[in-house]
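Peer 1: So the chains spell out like this:
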Amino acid sequence: MATAHAHETHHSPLALEYEPGLPLTNGKLIVWLFLSTEIMFFAGLIGTYIVLRFGAPTWPKPHDVHLSEPIGAFNTFVLICSSVTIVLAFEAAKQNKAGLAKAWMLATFLLGSVFLGVKAYEYDAKFAHGIYPWKPHSPIHERPDYYYGQAVRDRLAEPDILSRTGALYAQAARTELGETPPSEITTANQQLVQDIIIWLPSGTAGADLTEEQKTALTKLQGAMAGMLTAEQSEALAELWPVVVAQLEPLSAEEMHAVQDLKFVSDKVNETQQNNPSSQNPATLAEVGQKIMPSAVPHGTTSDHHGSAQGEAGEAHPEGLNDKFDWLKLPILIPGGNMWASTYFLLTGFHAIHVAVGLIVFIIMLFLYLGRKRAGLIENAGLYWHFVDLVWIFLFPLLYLF
Amino acid sequence: MAEHKPSDPEHRHGAEEVAHGHIVHREDLRVDHQMETEHHEHDHGGLAKYIYVFIALCVLTGASFFTYSEYWPFRDEPRVGWAFMMAVSCTKAMLVILFFMHVKYEANWKYVLTIPAGMMSIFLMLMLVPDIGMRTHWYSEERELHSAEPIAEVIAEYETGQHGDAKQHQ
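Chains A and B supply the protein sequences, listed in that same order.
Residue numbering for the first sequence follows our numbering, beginning at 1 and increasing consecutively.
Residue numbering for the second sequence follows our numbering, beginning at 1001 and increasing consecutively.
The hints are simulated quantities; they were obtained by calculation from the structure and are not laboratory data.
Please note that a few of the clues may not be correct.
[Claimed, not checked] Using C-beta positions, here's what the derived DEER-type ranges look like:
id : chain 1 : residue 1 : chain 2 : residue 2 : range
1  : B       : G1062     : A       : Y368      : 32 to 42 Å
2  : A       : L116      : B       : P1116     : 39 to 49 Å
3  : A       : G27       : B       : M1127     : 27 to 37 Å
[Stated by the list, open to error] Calculated cross-link-like contacts (lysine-lysine; reagent style DSSO-like; alpha-carbon spacing at most 27 Å):
id : chain 1 : residue 1 : chain 2 : residue 2
4  : B       : K1104     : A       : K61
5  : A       : K328      : B       : K1110
6  : A       : K323      : A       : K267
7  : A       : K97       : B       : K1104
C-beta: ideal position from N, C-alpha, C; glycine also.
With the rest of the complex left out, here is chain B:
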């Protein structure tokens, strides 16, 4: 079934004829070729793209500081601030990964790399929650005696201890 193809004089990669018949272009192996073909469409726009990404990163860094300004509307609920900052960080990370590390333009292997890594990062962290994140749930009284506590609470506990149950502390 394999046909013997005559060597093509116009074929640029004469040495790369595969024995079983079809010519495989190993373009993407040769670095300079890769530059000229794959990157050609954004070789000129490429520099502008990097500048745009840089500006976006600076803006986002400023945005994470926005939670500290007086215009931030959620000062009473710190968790909103934390969620916002993590969202900003993830966006910055995606910009760096996609554009600076060029992953947007890579082939499908990028999914093999990123998806398991992403899953692992989240899963590894969640695994730690029951034993370490919730460690204070299992503290003995003696351990609690020496653990850190907000100073106001220490003072409040001492005062209720001193004066019995008569005093009610907020």
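For reference, chain A alone in the conformation it holds in the complex:
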């Protein structure tokens, strides 16, 4: 602290000199103090994630939750580049090269926007698969237990899902049975014909039916494919052209998917009867696999790190929720809810910080970035480097562990 020992004689008025406590400008000091609070903020969040993850009974592998390491690595690269560009903007401003500084600043802003865009794409992929924390109950289930089977069953029983799956079964039946109605009902095609009969009332509602066809429709109401009378068989034959016209045949892949859907439906409906095998977790795990398969088959040993490695470059196998995006059946990811909570919390807060940084850059793009503004750029750069720092830790913790 400067002390003033005034000379009592002919000395000029006291020239007090402000002696700062630190060799920093106020702005820079403030930014560093702010960054120290940010360090505590993210240390709390990241520390919580580490503790939650390693204390959890189980944790999903990256591919189970549709996390793509290459995309994360690309984001890391983008953010590192933006750190370099902001430093170059600072250097240019120090040399009073305002145009160059502004160019580097623009590059930083664009790279930051790319980061946010990629993040949005990643989030969209998660949401599309039904992975996000959700009240009252997220579609992610932790155990292949009775409650999971019940949740799948409840979803399948919803009216609009029921009508759409009914239409799918009818389509599959039409694909198998072909252009002409079956001449004879055997055990092989009984279920298929039943599917068509069930679908007929709602499916032909919009079609233009002739009078004969309408009467045929009434005759088939409540008919059972296993016990068709001659009259009903005729009625079916009468309506067959409408069936063929209304239902598009399915491709082989789609047929396979419908088989899986039938499997799932049968298995979870088994649970409703007091069937001892109804709560079998092996069966329910299979159901979960059909709905959203993991990249590595279950039952392999807990080569937790090792088995995920081979899959890094492969596309994930498609399940029912992928093939029919309206289906949205509950999914089975042990540890998935905790994963979703921590992932979205950490990346969400980080993305907010990135967005704030971008706002700062946008404002600065309207200023003249000469030597006088170099301090401002330095401070903005310090904040941006901190954001990069947090991502440097988040990337391995979330994507690679």
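Let chain A serve as the given structure and place chain B on it in line with the hints.
Peer 2: Relative to the frame of chain A, chain B by itself:
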């Protein structure tokens, strides 16, 4: 004791004479001066330094991917991989802090900033371990009934439950 120094005509900061006698150069306050003196030695080499750091960061990012390649020798022990990745992250962080944030060239206040912050980060995390990291130790049976578990274990438990103790599962 304080002497009255005559104002020095060569002194660049005439207005900054402190009353108690010695001339304090407030060079580091004035931004452009700071640029010219402190940064002078790496003003020309500075850009190259940033490029080197950038290349090092890219290499290190690639290195953290190395644990995923087929040449990684510790695939059976994931903890080695985790330790390696944390070491790589800390190195990258140090590079960004020291060079991009310029902390290497700052005065001693950087220790006041970094050391407590570093201690806090580690301590805050360790504090959470007994209650949250080890929460499953204190789970009641009913809580365990509904908690997540690796599917293979759920299946194995169900089968031992079904068939009594006769079956031994690995």
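Peer 1: Next, verify each hint and record whether it holds.
Peer 2: So, going through the hints one by one against the coordinates:
1. B:G1062 - A:Y368: 32 to 42 Å: holds, 39 Å
2. A:L116 - B:P1116: 39 to 49 Å: violated, 32 Å
3. A:G27 - B:M1127: 27 to 37 Å: holds, 33 Å
4. B:K1104 - A:K61: violated, 39 Å
5. A:K328 - B:K1110: Outside the cut-off at roughly 53 Å; violated.
6. A:K323 - A:K267: Distance ~19 Å between K323 of chain A and K267 of chain A Cα, so the pair holds.
7. A:K97 - B:K1104: holds, 25 Å
When held up to the earlier numbered hints, the structure conflicts with 2, 4, 5 and fits the remainder.
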